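K.L.:
For this one, chain A is given, so just place chain B on it according to the hints.
2 protein chains.
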Amino acid sequence: MDNSEIRDVIMIGAGPSALAAAVYTTREDIDTVLYEKSTIGGLAAITDMVDNYPGFPDGIQGLTLAGYLEKQAERFGAHIDFGDVSALRDAGDHKIVTVDGAEVKAKTVLIATGSDYKKIGVPGEAENYGRGVHYCATCDGAFYREKKLVVIGGGNSAVQETIFLTRFTSHIDLLVRSTIKASDILEKELQKFVDEGKVTVHLNTQTTEIVTTDRQVSSVSAIKEGQPVSFDTDGVFVFVGLKPNTEFLAGSGVELDDIGLVKTTTKMETNLPGVFASGDVRSGSTDQIASAVGEGATAALAIREYLDRLHMIA
Amino acid sequence: MDNSEIRDVIMIGAGPSALAAAVYTTREDIDTVLYEKSTIGGLAAITDMVDNYPGFPDGIQGLTLAGYLEKQAERFGAHIDFGDVSALRDAGDHKIVTVDGAEVKAKTVLIATGSDYKKIGVPGEAENYGRGVHYCATCDGAFYREKKLVVIGGGNSAVQETIFLTRFTSHIDLLVRSTIKASDILEKELQKFVDEGKVTVHLNTQTTEIVTTDRQVSSVSAIKEGQPVSFDTDGVFVFVGLKPNTEFLAGSGVELDDIGLVKTTTKMETNLPGVFASGDVRSGSTDQIASAVGEGATAALAIREYLDRLHMIA
Numbered sequence: 055m056d057n058s059e060i061r062d063v064i065m066i067g068a069g070p071s072a073l074a075a076a077v078y079t080t081r082e083d084i085d086t087v088l089y090e091k092s093t094i095g096g097l098a099a100i101t102d103m104v105d106n107y108p109g110f111p112d113g114i115q116g117l118t119l120a121g122y123l124e125k126q127a128e129r130f131g132a133h134i135d136f137g138d139v140s141a142l143r144d145a146g147d148h149k150i151v152t153v154d155g156a157e158v159k160a161k162t163v164l165i166a167t168g169s170d171y172k173k174i175g176v177p178g179e180a181e182n183y184g185r186g187v188h189y190c191a192t193c194d195g196a197f198y199r200e201k202k203l204v205v206i207g208g209g210n211s212a213v214q215e216t217i218f219l220t221r222f223t224s225h226i227d228l229l230v231r232s233t234i235k236a237s238d239i240l241e242k243e244l245q246k247f248v249d250e251g252k253v254t255v256h257l258n259t260q261t262t263e264i265v266t267t268d269r270q271v272s273s274v275s276a277i278k279e280g281q282p283v284s285f286d287t288d289g290v291f292v293f294v295g296l297k298p299n300t301e302f303l304a305g306s307g308v309e310l311d312d313i314g315l316v317k318t319t320t321k322m323e324t325n326l327p328g329v330f331a332s333g334d335v336r337s338g339s340t341d342q343i344a345s346a347v348g349e350g351a352t353a354a355l356a357i358r359e360y361l362d363r364l365h366m367i368a
Numbered sequence: 055m056d057n058s059e060i061r062d063v064i065m066i067g068a069g070p071s072a073l074a075a076a077v078y079t080t081r082e083d084i085d086t087v088l089y090e091k092s093t094i095g096g097l098a099a100i101t102d103m104v105d106n107y108p109g110f111p112d113g114i115q116g117l118t119l120a121g122y123l124e125k126q127a128e129r130f131g132a133h134i135d136f137g138d139v140s141a142l143r144d145a146g147d148h149k150i151v152t153v154d155g156a157e158v159k160a161k162t163v164l165i166a167t168g169s170d171y172k173k174i175g176v177p178g179e180a181e182n183y184g185r186g187v188h189y190c191a192t193c194d195g196a197f198y199r200e201k202k203l204v205v206i207g208g209g210n211s212a213v214q215e216t217i218f219l220t221r222f223t224s225h226i227d228l229l230v231r232s233t234i235k236a237s238d239i240l241e242k243e244l245q246k247f248v249d250e251g252k253v254t255v256h257l258n259t260q261t262t263e264i265v266t267t268d269r270q271v272s273s274v275s276a277i278k279e280g281q282p283v284s285f286d287t288d289g290v291f292v293f294v295g296l297k298p299n300t301e302f303l304a305g306s307g308v309e310l311d312d313i314g315l316v317k318t319t320t321k322m323e324t325n326l327p328g329v330f331a332s333g334d335v336r337s338g339s340t341d342q343i344a345s346a347v348g349e350g351a352t353a354a355l356a357i358r359e360y361l362d363r364l365h366m367i368a
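If you read the sequences in order, they're chains A and B.
According to the numbering used here, the first sequence is numbered sequentially starting from 55.
According to the numbering used here, the second sequence is numbered sequentially starting from 55.
In isolation and in its complexed conformation, chain A is listed as follows (with noise of 0.2 Å):
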């Protein structure tokens, strides 16, 4: 590609959402390229069995899906190149994307990198990612269904999501590094599944492996106050923290909420004209493929407006 041609829509990232958009976008016929630094289909190319995708009764492999998304956006033209973003700079009727350290210049912007769940780092964990360790309890927790669980973490997330998980499994064990740092209102309510016996809180717990057994998760290993302790368990969630990917906006201007996610209009607009967000890095996203796959729709009409509007101005 000539560096100096200005392309109709950059979109950062190619996970569902902004695969997605480009069907739209490369259907219209408006100049769309992509930029990916790992994994063409974001989070759901690495994610075993997505249940709750509509559109595939009986649940689709992630992997499968984000070939069909792929494969569809490629259908009607998009770009997909691999290539790292380090920087995103607007100047004015057009905007400068770093990518692997070369400018090239768009009219619109789509930011849609996703976020990263934060790893506790341990053995076993990466190994068994999407199969026995999960971070998504609204993707994943509806498979553990009368199984036992071990539950990571001690935030208002962790808490949440151990409350709500209680409602398929048969019992929950929560390994919390220090002590629990939730809410009145959810200390309370957790309380009451710890009452009724279907969860143990264990504070000053520090877990030190996931263990499998035939290729299974069937342990975790852990420290609890100096001695070393194992819990039974079908599977493992870990909800120490999201990681939004938007370090590369440091200086842009893009305006970021308190965890780093990008503030969005209904639209997907964010504060710069010409750059629109949608999927997990967008603020109050929630998180599920079918919101961010919508998202990229939406977005793809906003960035075809404002491109129709750019056109009869000039």
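Think of the hints as simulated: they come from the structure by calculation, not from any bench.
There may be inaccurate statements among the hints.
Identical copies go unnamed one by one, so any copy, or any two together, can satisfy a pair.
Claimed, not checked - The calculated DSS-like cross-link candidates involving lysine-lysine, where the alpha carbons are at most 25 Å apart (straight line), are:
1) Lys-321 <-> Lys-297
2) Lys-297 <-> Lys-246
3) Lys-202 <-> Lys-173
4) Lys-252 <-> Lys-202
5) Lys-125 <-> Lys-173
6) Lys-202 <-> Lys-172
7) Lys-246 <-> Lys-161
8) Lys-235 <-> Lys-246
9) Lys-161 <-> Lys-242
These numbers were taken from a predicted model, which means no experiment stands behind them.
P.N.:
What follows is chain B alone, placed relative to chain A:
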């Protein structure tokens, strides 16, 4: 069902948005009933080919997609009943919905009744719905690359969609019943395409019939300034307005916008706590299946959060 029972959630409508929401709520064991007055799957079910619903790279028949969505919602336990909802009333901790004259109660309600495209009511219109006669340029415009089209309408949306359709078509006859009533900027932009010969505007032209030859739309008959005229065409797009299905909300207290669509937050909350809205019935909706489905998922998570809060207070 015992009518004195209070359901967790009543969804009004069983189109893509409600079905997607139901996949989420039922998968989490939230007791869910949907009331549909005509077609399960909504407008999607009566669309011939859906090309841009993400996940189906080669497109999918609308009826097939609707069937998949229904099957997926029912797999997790959604109850879909036929019934005409005529009223919604807020009783504080629960809501009362009038279905076929009988009152049913629920802690939460999702309004997902969609919108209907206004019809012109001529012979050939209903018979060719979705196969030669269309109401959504974003959905179906791309099927008419290098083809001739007739567009019917004269307001802002008719002019805007005509401009949009020029990117695909070889020529458009725009049939306007009286005169064009669109913004100056749109009229000026339209004039460019008239000057190029891509669009011909016919004022004071009343459409009388959509004519088919060998079961394909072939021409449109009209009366232009008292004289019968005919326009050869490959397809027809009608843009004479949208009719939101919200009459039953009269007196409910749910806030609507100027054209009768339901106002919501980004979390799909209406102004009444416990009442949510998603899909084409929502103010600002994109009238796209992808967005409707995404909003359904987002609404479901907000409904769960609301129910959890109710439960914690109790």
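K.L.:
Quick one: which hint numbers does this structure break? Sort them smallest to largest.
P.N.:
2, 5
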